[in-house]
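Student: If you read the protein sequences in the order shown, they are chains A and B. The opening residue of the first sequence carries number 13 in the working numbering; numbering runs sequentially from there. The opening residue of the second sequence carries number -13 in the working numbering; numbering runs sequentially from there.
Simulated from the structure, these hints should not be mistaken for lab results. Keep in mind that a hint or two might mislead.
Stated by the list, open to error - One-sided and incomplete, this derived list gives chain A residues near chain B with beta-carbon spacing under 8 Å: (1) P55; (2) Q68; (3) G70; (4) F72; (5) P73; (6) Q116; (7) F118; (8) G121.
Said to hold, decoys possible - The following label-pair restraints were derived from C-beta to C-beta distances: (9) B:R54 with A:F72: 25 to 31 Å; (10) A:P82 with B:P36: 29 to 35 Å; (11) A:Q53 with B:R54: 21 to 27 Å; (12) A:N83 with B:W26: 23 to 29 Å; (13) B:N24 with A:T125: 16 to 22 Å.
Keep in mind it's a predicted model, so treat the numbers as computed, not measured. For each residue, glycine too, the CB sits at the ideal point set by N, CA and C.
In case you want the letters, here they are:
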Amino acid sequence: DAGVTQSPTHLIKTRGQQVTLRCSPKSGHDTVSWYQQALGQGPQFIFQYYEEEERQRGNFPDRFSGHQFPNYSSELNVNALLLGDSALYLCASSLLRQGVFHEQYFGPGTRLTVT
Amino acid sequence: GIQVEQSPPDLILQEGANSTLRCNFSDSVNNLQWFHQNPWGQLINLFYIPSGTKQNGRLSATTVATERYSLLYISSSQTTDSGVYFCAGGETSYDKVIFGPGTSLSVIP
């Protein structure tokens, strides 16, 4: 049973560039959430996707956007990168069945460095 | 809004010792989880525990929903238990999950 996978593992970008991170959910899961974790802090919720729509969003600017595909995989896009966007980006998947919450499982993360 | 607090922020243990980590959460939190983040950044599910008590090996957790707190117990700690322990919760199925600030645990031989 494959867990949550993310790609790439590491990424180095220059300020002002754009980046796309990818996530494949755990088998059987239909919901994907993205988090940003700065060094020494807890993960901060970016947004959540279910049925290919953004359902919830945290306090992140519009430079952060996402997409969910019919196979439930997801992408996180960040435009006009800032130095402060350097962080570990975590993807979590869960199953939303009949409105009942199921626990989230996290991928290994993508470490983004903006120079 | 949702608030999640954890204590202590840092903990150093001798191998073999026991410890208790605490998580306080606001009224609106229903779906509480405990995670362990290892030194490589991987978040590992420990417990999904909106209420009651669960045990898994040397770890156990208790959530008293009516008093808005959860406790994570680690017994006979090992060096591999080192890392950061997070509790996290959300309001509903769709709601964003909010993480506490974490407890950084170091187990020394």
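Student: Which hints from the list above does the structure break, by number from lowest to highest?
Tutor: 4 and 5
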